[in-house]
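Chains A and B, in that order, are what the protein sequence lines are. Everything in the first sequence is counted per the working numbering, starting at 1 for the first residue and increasing by one. Everything in the second sequence is counted per the working numbering, starting at 1001 for the first residue and increasing by one.
I should point out that these hints are in silico values taken from the structure, not numbers from a laboratory. Positions of the beta carbon are idealized from the N, C-alpha and C atoms, including for glycine. There could be a bad hint or two in this list.
What the hints assert, rightly or not - With the Cβ distance kept under 8 Å, some of the chain A side facing chain B (calculated, not the full set):
| id | residue |
| --- | --- |
| 1 | Asn74 |
| 2 | Phe240 |
| 3 | Asp257 |
| 4 | Val264 |
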Amino acid sequence: MSLLEVSDLHVWFDLPQGQQVHAVRGVNFALDPGERFGLVGESGCGKTTTILALMGLLPPTASASGEVRVDGHNILAGGEDSARGYRWKDIAMVFQGAMNALNPVKKVGWQIAEPMAFHGIAQGAAARRRAGELLEMVGIQAAAAERYPHEFSGGMRQRASIAMALACQPRILLADEPTTALDVMVQAQILDLLTRLSSELGLALVLVTHDLPVVAQTCERAAVMYAGEIVEYGPMEMLFHQPRHPYTRLLFEATPDLYGDSEVVSIGGAPPRLDRPMAGCPFQPRCDVVLDRCAEEHPALRLVGPGHEAACHHTERAGST
Amino acid sequence: MPSHRTGGLDVTGSQGPAAAGDHASAVPLLEVENLTAHYQVRPRLTQRVTRQSRLWVHAVDGVSFTLARGEMLALVGESGCGKTTTAQTILGMVTPVSGTVRLNGTDITGMPERQMRPLRRQLQMIYQDPYESLDPRFRVEATVGEPLLVHGIGASPSERRELIVAALERAGLSPADAFLARYPHELSGGQRQRVAIAASLVLGPDLLLADEPVSMLDVSVRAGVLALLDRLRRDGRMGILMITHDLSTAAHFADRIAVMYLGRIVEHGPSRQLVRHPQHPYTKALLSVVPARDPRVRSAPQLLTGETPDPVDVPTGCRFHPRCPVAVARCSVQDPALGVAASGASPSHQVACLLA
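Next comes chain B alone, as it looks inside the complex:
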């Protein structure tokens, strides 16, 4: 159920740097405001018999951010933190409980499929596993051309082929003619992911959502695919929301990083600053366990005990307090809002911690 929230909430103030470097238009490409999405837990038989109240998974709980054209934002966090649900809610695959998603200024939250369909051209998704996402019976030309048929673009086969060739070339599959007639099994992992990217580029989208775009690929080709995404957003003025658990990749390729924990953004800021001067204890712990390439750099991993708590049973106060190494008494009572870090150097660096 979509609902506009314009009240005195800290929402607008808690957004990231709006439209950095984009002076042409005042409306950011993507605006996500106070997005909340819950899933219902299937009740057990005993719960049904005793008529216990229904349980909900608080997958995404009040997430706000903006993304400008030409910008890359990385959403990082452990599994279950809500990063994928956030992307699915933006795509309209999950209906939010509250909050709004605006694409180029148009509110698309909970929009009916019929109205949403033309807008899908502007909004494309790249999935994690190119071994699963491509139909093995489709040649490259058919895979990349299918979105054109769905959206009724291109009057003739030759016109469509031109668009397909252009998309393949943009995705770095050159000469494109050599790939048109191939099947997925004739392609390497990196080439498969480029075909998947071409299939989303063919519609000329403004916004790409990339869910772990390289985690299934070999190390030697990952950089190439990431460099391609980097090029697309710089030259193509495309906004990219990258979902990843890999902080090193996020630090290298994204302009900004938003760290999620249990459905909330707990820290958000320019990549370099967030990585070098983390403010939230969770971000600090997460960064400390990323192994360094250089064996001489011995990190001091700050191992958090246990794993992310069950999002059905969210802790009171700050959600991180049961695992937090520096928590004080009020952390279990008071829920910190995302705000400019007192000790941070820039107003675009925000953190949700009572102690920061």
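Isolated chain A (complex conformation):
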């Protein structure tokens, strides 16, 4: 049994006119303690919606189905009542732009201690002491707990929001674009911190980002999402060196590399609309190796190597050999 198991997760959003957007379409993955897992894809592919569903923090217009199991317990089973018991204590999240969402009129230490009191972990002096310890853990002096967010630099604020997510000693940390607005040097410091935390505390880390090199250097495994589905899933090395889905390959080709000499190519077209039924492979209109059946038949994720899955009709022929 894995620490976190997500199976057949679907999320729909209701639109005002009565239609629905099928934003997440049958996502499966599992995570063990201390593991670092990347969820990559372009904007609108459903990666943020997926982790919001894991937190039980979808907006009221959304409905979800499927299972999210922590230690085998399905936390989606009882709606908000069952999710509340796990949120922050077992699964915590660093939101996109969290560093800009700190309360400007409260001291940083107070903001880290607040969830501890709310969840009955620690109160008063004990909570304040623990807030100091958490700040030390993320590389900020404990004395800085008495300072206000505006006295912190961007990198320090992001460290503080990570400390806040760790307040209730979660075992799973979901980080949504944690380095996107940061400078490269600060980005490297934050990624170094997340890597250290996951190995020292045994945290299972889900890193959500559009930045492939960041995932390549931080995570052991990753899932590539497209139009609400995982289209390829596997060890990072396989995704880069032997991608089995054209989208994964093209995404890497579209990313410039410091020392690479290969041409950087964009992917033509745009992702499909998710508010109408889709026939065939969702990537087919943008794909560079389309087969006849791609327009009609939806490819399922299939095993193409050890721990490596891809949803592409091409894998059927190649995979059988």
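We have chain A; now place chain B onto it with these hints.
Frame of chain A, contents of chain B only:
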């Protein structure tokens, strides 16, 4: 306040390779010489009461470079290093304390708006965020056509429409007729940025300043927009100054890279050479933290502690010495000038480090 500096300073010698590949004219498209721009810090009440002397942010401090037609120069560095202020000073949005900006040989530093206006046709800016820079109530035709109205170009609507269509086609929005009547919300991020580019191309500029032109776009369309800029400068003989924090992009698309730190250019050279043989400790550190695409290539990130110091309180000597892993005693006293790197392979590779 513009001031010509022609004295014995190391300025002319410290410029980049002048007009590489441009033999037609001796005058480079853009010459920036010893540019310095300061901002005044709004004094706190206590400082006003005690009448402390005013504080200044040394945003840009003695920056020199040239750019030829058909060339792309990338200005890279962390936030607060002065790269955007440099561009704003070139555009005349910020008045420099000293130094000169020459466009096609004409000194445009601190030029009054009335004189500057006709020259603006030659000098256009592309902003970072096409979700913010386009007016949501304007159709594409109006957005791209507005500069023509401002500059009084095109006698009739049909003449203007021809220019608009041509600009859209050059920006890769083809067939242009299909885009004319659209609103920004009907366009993807990449298409929006192409509309913004078309709006600057419509005036036929010689020089484009592109401030983080793709950082707000999805990975899959970034390459397309960058390839468009690449094409414009190669085929269109346009000079492009690209401001970016992304070294991988700079290495791929720019001819030369200038690395800025605290208002100074600390290293400047041909992209490939600068990336493969960096000379300045700051450049080395910056390159070491760029994540590689290949998970097998494990970089050894050389993490600098802290963040860029406050440009109000610039360190003495070499500005980088408090964070420098190899600094020696004299680095805190002596301010290194940009000069040809002793260990560098080419005279166009310059570095400002006492130890290089």
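Okay, the hints, checked on the actual structure:
1. Asn74: violated (33 Å)
2. Phe240: holds (6 Å)
3. Asp257: holds (5 Å)
4. Val264: It holds, given that the least Cβ distance between Val264/A and chain B is near 4 Å, below 8 Å.
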